[in-house]
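The listed protein sequences correspond, in order, to chains A and B.
The letter at position 16 of the first sequence is residue 80 when you use the numbering used here, and the numbering goes up by one with no holes.
The letter at position 113 of the second sequence is residue 304 when you use the numbering used here, and the numbering goes up by one with no holes.
Calculated directly from the structure, the hints in this document are not laboratory data.
A portion of the hints provided could be inaccurate.
[Said to hold, decoys possible] Label pairs and their calculated CB-CB ranges:
| # | chain 1 | residue 1 | chain 2 | residue 2 | range |
| --- | --- | --- | --- | --- | --- |
| 1 | B | Met217 | A | Arg265 | 44 to 50 Å |
| 2 | A | Arg171 | B | Phe384 | 56 to 62 Å |
| 3 | A | Ser77 | B | Leu248 | 35 to 41 Å |
| 4 | A | Glu200 | B | Gln281 | 34 to 40 Å |
| 5 | B | Leu248 | A | Leu197 | 45 to 51 Å |
| 6 | A | Thr229 | B | Glu290 | 51 to 57 Å |
| 7 | A | Arg196 | B | Ala199 | 30 to 36 Å |
| 8 | A | Arg171 | B | Ala439 | 36 to 42 Å |
We put the beta carbon where it would ideally sit given N, CA and C, even for glycine.
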Amino acid sequence: MIRMEDVHKAFGSNRVLQGMSLHIPRGSSMVIIGGSGTGKSVALKCILGLIKPDTGKIFVDGKDATKGDRDAFLARFGMLFQGGALFDSLPVWQNVAFRLLRGSLARPQDEARAIAIEKLRRVGLKADVADRLPAELSGGMQKRVGLARAIAAEPEIIFFDEPTTGLDPIMAGVINDLIREIVTEMGATAMTITHDMSSVRAIADNVAMLHDGVIQWTGPVADMDHSGDPYLDQFIHGRAEGPIEAVR
Amino acid sequence: MNPLDALAALGRSILLMLAKTGQIAMFAAGAVSHFFRPPFYPREFANALLNIGWMSLPVVGLTAVFTGGALALQIYAGGSRFNAEAVVPQIVAIGMVRELGPVLVGLMIAARVTSSIAAEIATMKVTEQIDALVTLSTHPMKYLVAPRVLAALITVPLLVGVGDIIGIAGGYVVAVQNLGFNAATYLQHTVDFLEAKDVISSLIKGAAFGTIAAMMGCYYGMDSGRGAQGVGRATKSSVEAAAILILAANFVLTGVLFSV
Chain A
65 MIRMEDVHKA FGSNRVLQGM SLHIPRGSSM VIIGGSGTGK SVALKCILGL IKPDTGKIFV
125 DGKDATKGDR DAFLARFGML FQGGALFDSL PVWQNVAFRL LRGSLARPQD EARAIAIEKL
185 RRVGLKADVA DRLPAELSGG MQKRVGLARA IAAEPEIIFF DEPTTGLDPI MAGVINDLIR
245 EIVTEMGATA MTITHDMSSV RAIADNVAML HDGVIQWTGP VADMDHSGDP YLDQFIHGRA
305 EGPIEAVR
Chain B
192 MNPLDALAAL GRSILLMLAK TGQIAMFAAG AVSHFFRPPF YPREFANALL NIGWMSLPVV
252 GLTAVFTGGA LALQIYAGGS RFNAEAVVPQ IVAIGMVREL GPVLVGLMIA ARVTSSIAAE
312 IATMKVTEQI DALVTLSTHP MKYLVAPRVL AALITVPLLV GVGDIIGIAG GYVVAVQNLG
372 FNAATYLQHT VDFLEAKDVI SSLIKGAAFG TIAAMMGCYY GMDSGRGAQG VGRATKSSVE
432 AAAILILAAN FVLTGVLFSV
């Protein structure tokens, strides 16, 4: 479904991606792990076209992601941003129904609102949240609204950028379970980037570890604990000693 | 210091300035092109009209009324040195309409609107709301920039017109109440002295200054760096750039519109 081939991206002298290649099969949930600043978010944004790779190819369903109708391409995606990225000036329901109120997927306002409220219920929020502003919600509720927005237009592919960052462990567990349930019931292809190993175990079918700008290891989540890869072992066990340099 | 190093530093500064000018020109051309290409966002445009036009009325009105009053006092005091106190209505009218109205309204818009637009868009950028817009198939130039610039282009000339009237009224009140002018004569002199060209030039300047103010807010907001510091720098730079460009444009437009 999604294939990255030898993708390079540098910001000035900082070479973030140095030949990243990755395949995410249709309907699977891929979780990319790696230390801070290893380029996980950059990889995700390259697929979406928010950042242009310096070299390399990205294909979605065998088609070059940089070519063709951009609106139609993006209409296939939903995305949950790390901080929620909710629009401050719009009430919650308009955030959730944003795509349904404009553009090629536009619906009548009443219908869009009904869908938004249904999606809010799906992520565990009551209908009375719909008319509040994002600033009036807690961090956990904002994540849920972001999740509702990501799934509002029933996308084929959903990206989750650090879905549990900033949440307490219980709320993180709730969000992880929601993501897993939603991805399974929608049959969507999912790509998640996270540091949180509990998220990895809850969400992933497959795991890829990004280090030094390349995929260091990739495989099914069940193989992660006995991969024999010293980088992956160090990361998943959170050890300071190992091949990954830890700055003290 | 080696003279060549100084020359190289000067050259780098000039190249940077040219590059920035080019970037702003490209940004402005892109923004204007979205005025004419669908989809359009009428609700965003209506909000921008309200925020830039209606919500700026109090600050524009207060600026104009005090400036008009002070201008009347100054002209009266200055004119009395050579027995020319009677020209207060004419000079207040021409001073407000040709220069002070458009420039002060432009600068107040730069302070109020440019800073607000830059801070809002920069915050949206650092909180990934701009990226979210893109992933939701919404072009940020169409959704954020074009409505604001178009709203400023339409509303700031109106604000300038209102400011001109309020400024003249401020001068009128001071002249009649404090300086002993006859009310009817004052108004008659004001109306007789002003020409259509004065009013039209004021509105043209308002349109230019409004466009500059909104464009700078949008450009520096979209170009913002990361974090609170990035937002702060974007806001500061946008107001500086808007104020300087407004004053420079005023000089150029005055030369073009009133060349003898």
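We went through each hint and held it up to the structure:
{"no.": "1", "hint": "Met217(B) x Arg265(A): 44 to 50 Å", "in the structure": "48 Å, holds"}
{"no.": "2", "hint": "Arg171(A) x Phe384(B): 56 to 62 Å", "in the structure": "59 Å, holds"}
{"no.": "3", "hint": "Ser77(A) x Leu248(B): 35 to 41 Å", "in the structure": "51 Å, violated"}
{"no.": "4", "hint": "Glu200(A) x Gln281(B): 34 to 40 Å", "in the structure": "56 Å, violated"}
{"no.": "5", "hint": "Leu248(B) x Leu197(A): 45 to 51 Å", "in the structure": "26 Å, violated"}
{"no.": "6", "hint": "Thr229(A) x Glu290(B): 51 to 57 Å", "in the structure": "54 Å, holds"}
{"no.": "7", "hint": "Arg196(A) x Ala199(B): 30 to 36 Å", "in the structure": "57 Å, violated"}
{"no.": "8", "hint": "Arg171(A) x Ala439(B): 36 to 42 Å", "in the structure": "48 Å, violated"}
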